[in-house]
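> Each chain, letter by letter, is given below.
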Amino acid sequence: MWKVLIKLALDKGLGAIFLNKTIYRLVVFLGCVLGFWGMLAMDCQAAPSHELETFHYKTHTIDGRKWLRIEIGMSRDKLDFEVAENPEKPYQLLILMKNTKRGDVKENIGLDRKIARYMTLKKTNKNDLQVMVAVDTSLEQHEYKVYTLEADKKSRKPYRLIIDIAADPPKPKEKPKQTDIPADEIIKEVRGRTIAIDAGHGGSDSGAIGPSFLKEKDVTLKIALEAARILRGNGARVVMTRYEDVDVYGPLATDREELQARVDVARRDPSVEIFVSIHCNAFTNPEANGTGTYFHYHSGRDSMLAQHIQNEMVRATGLRDRGIHNARFYVLRHSRIPATLVETAFITNPNEERMLASASCQHAMALAICRGIGSYFRNISS
Amino acid sequence: MKMTKILLGLLIVLMVFAASGCEKGSQGEPAKPAAGVSDNAAKPAETSMEVKLYYPNNDATKLVGIKRTIRFKDSSSAKYRAVIDELLRGPEDSGLVAIIPKQTKLLGVSVAGDTAKVDFDKALVNSFNGGSTGEEMLVGSIVNTLTEFPEIKKVQIVVEGRNVETLKGHIDTSKPLPRMEELLK
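So the protein lines, in turn, are chains A and B. Under the working numbering, the residues of the first sequence are numbered 419 to 800, in order. Under the working numbering, the residues of the second sequence are numbered -14 to 170, in order.
Hints may be right or wrong, so weigh each one.
Quick look at which bits of chain B chain A covers, simulated, 3 or more residues with Cβ under 8 Å [to be verified]:
#	segment
1	35 to 45
2	79 to 93
3	107 to 119
4	145 to 156
Worth flagging that the hints you see were computed from the coordinates, not collected in a lab. Note that beta-carbon positions come from the ideal geometry of N, C-alpha and C, so glycine has one too.
This is chain A alone, in the form it adopts within the complex (with noise of 0.2 Å):
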């Protein structure tokens, strides 16, 4: 920066305070040159030229079909942006903005939740400006498009760059099916019940992380798919607190909204009889291993529910038992119908991060769960 300034102050002529004409020109000189160096470094660090300056965004609706339209209004024209999804997060719509500063715009954006969720704008290691709008599912779902439009000093608008999103199309309505699922998959005890499904953790909080990097929030997510797909196979209603990587609040909330927006996902819904979380366990000490579950006693469903899981997850993994236990855990401290979190194995230590990292073993674990679930069904109905 401050060779900038040099260049600057002798450009406006401040160089005149230099009576000395030697030292005058040595200065000069040394200022061209550090000016040259400082533009060809300037080269991997140039200095932003554009800058967000207002930022809208509403739904529309054209043909019959829902937008969501977000406007960002830019200090200049001429933006040199690249749009891409994220191949491992296909609801991650995301542009690159070339030279671009946030200004006064938010880090965090919530949008209007049923087209997108939000919207986070992050520098990266230029200055460069990538902003990433979560849209609800996938984006093979979705048309959109992404372009500029130049200021109109009529409606007084800036020059901007629009992204517009469409919503899904309408889905055909999912039928229980108990027909195509493999035999092993078979759980009559389930079909017609109405379960939660909370796969821990999310978004920006990524749980535990095992010693090769293996993230909690992406184990769970997978097992508590698998876990709606086998269940959903035999004819129960699944609800899930989450389909994806996201916060299941918003990512910017408390840890008392995240957790409760958990609890209020079964909540909402009467119909639901029980409440399923999904975790890894981690320790500081890499030997600790095993399959546990919890709970918290509101009546002996809640233990009896545990036990089941439990016995059906040790069976499934031959993990070390370590047993069901009675915890103040939030979640489970919270929920009004029978309530656990399974603690499937220990993402820190390497020989367990390993199979949880393992489709096989997900679908292992996700079939035990259901199994544990079939079979507290059974015992309350007989």
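Starting from the structure of chain A, add chain B where the hints point.
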């Protein structure tokens, strides 16, 4: 050579500014006295006391109590801080685990009625990996160590002066917690 003089002058002015700035900074943050310890002019005598500290074993199946001697001045409340300071030092036995992240700083311990309030800095949360078992053992080691004092029945863990709903998404720490006897079996 006016130039050099001007520059020299500027430099001196800057240095004076910088120096005064430093002084101000250090005056603004006097060393905090230990929580609850009143600064008596007369130096109180040092007392020593045997306490029990709780650490989880390596496979996290239980908390194990070990005996240590703590030294502190003014027996009224300094002992509570001293015992947590001692807990933060970690176990000597290789079969036990220092569960509180070593970056964690203890900001203070105060006691009101039968409840102790332990205040840590953010490292307690930020440097901790979590997990139900990890969280249970961390909370249990603090709660059970403090409830060894017969006058303390409950412990509230706070982070930088604020109540926290949960450390890593499992245990509800919004209210004072009673002794966790189940972790000792």
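> Could you tell me which of the hints above the structure violates, numbers in ascending order?
none
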